[in-house]
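Undergrad: Sequence:
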Amino acid sequence: MSSPRSRRSKSREQARAVHVAQSGGVSLSSLSVGALPIVNRIFERMKLEDWLTAYLPRADGRNKIMPVSSMLVLLRNILLCREPLYGVGEWAERYAPDLLDLTAKQITALNDDRVGRCLDQLFAADRTSLLLSLVSHVVREFDVGLDQLHNDSTTVTFFGRYEEAKRGARQAGKETLAITWGHNKDHRPDLKQLLFILTVAADGAVPVHFRPAHGNVADAKTHQATWDLLCKISGRCDFLYVADSKLATTENMTYINTRHGRFVTILPRARKEDSDFREQAASSAIDWREIYTRRNEDGDVVDRFGIRDGQTST
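Every number in the numbering used here is 7 more than the matching position in the sequence shown, counting from 1.
Among these hints, one or two may not hold up.
Lysine-lysine pairs mimicking BS3-like chemistry, simulated, CA-CA at most 25 Å apart [stated by the list, open to error]:
(1) Lys239 <-> Lys228
(2) Lys173 <-> Lys54
(3) Lys173 <-> Lys228
(4) Lys54 <-> Lys71
(5) Lys279 <-> Lys239
(6) Lys228 <-> Lys181
Hints in this document: simulated from the structure, not taken from any laboratory.
Generate coordinates for the entire structure from the input sequences, incorporating the hints supplied.
TA: As structure tokens, then:
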């Protein structure tokens, strides 16, 4: 019985044969272009290769493919196709090598082991500084507005056994994340997970910051660290931070307010402000200020939206 690696090698050889036509002693190779020129232009403006080169460990000159080159191929694959690691090499062979900044010989050397070693090098790098530098440059290069930032989280659900990640440990001197049980947002409490935290700009929903967390971390415990990093990225603290009701704890709101930050959130029904407001609304003691009226195609009023000016004690 052949090994999985030999079967993958045979599959790659068959894939290469499909893209070569022969007739009358003449061979014609067919390669794809796709969206790679657009992706490559975006990478150029991001200076992604420069930032990765600056922060990844120094490459060994004996490498057939430089780690940064392998990393950029993986990123292109994630954006365009999302093959598993063992399929990245076969995917790359469908495209013109120069669009991947590789030679034809280098593409044949691209495999899951090589890409995996590149990910190990990324893990060993100072990823926090890398992301801060990269995002700060991208914000300036693409003129992304950071006046309003929206934060939310979800869970990444895992199947199978992850013995080395079930508690979180230290690898190469760095903390790893615990894949474990928590509040699963896929409604699969039987499966383990990681927490995925994302912040985007209101300006085009451009992702500004991402970080993962242990699978059993509560959402309410993530906001202060996230807000601090957003202050570093934006170089300011007066942006409007928008998040769901998990932000609405006394500790979180006090933390941002005392540092001259601004936020919008949803107050849970359990808070005193909610019951006080409902009592005032029921007694018609609220002076509403209309901010938006929505009408249908006939001009009839469908909804009116209003706010109440003033302060509420907590």
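Undergrad: A separate judgement is required for each hint: does it hold in the structure or not?
TA: Evaluated hints:
no.: 1; hint: Lys239 <-> Lys228; in the structure: holds (19 Å)
no.: 2; hint: Lys173 <-> Lys54; in the structure: violated (36 Å)
no.: 3; hint: Lys173 <-> Lys228; in the structure: holds (20 Å)
no.: 4; hint: Lys54 <-> Lys71; in the structure: holds (23 Å)
no.: 5; hint: Lys279 <-> Lys239; in the structure: violated (34 Å)
no.: 6; hint: Lys228 <-> Lys181; in the structure: holds (21 Å)
Going down the numbered hints, you'll see the structure goes against 2, 5, while the others check out.
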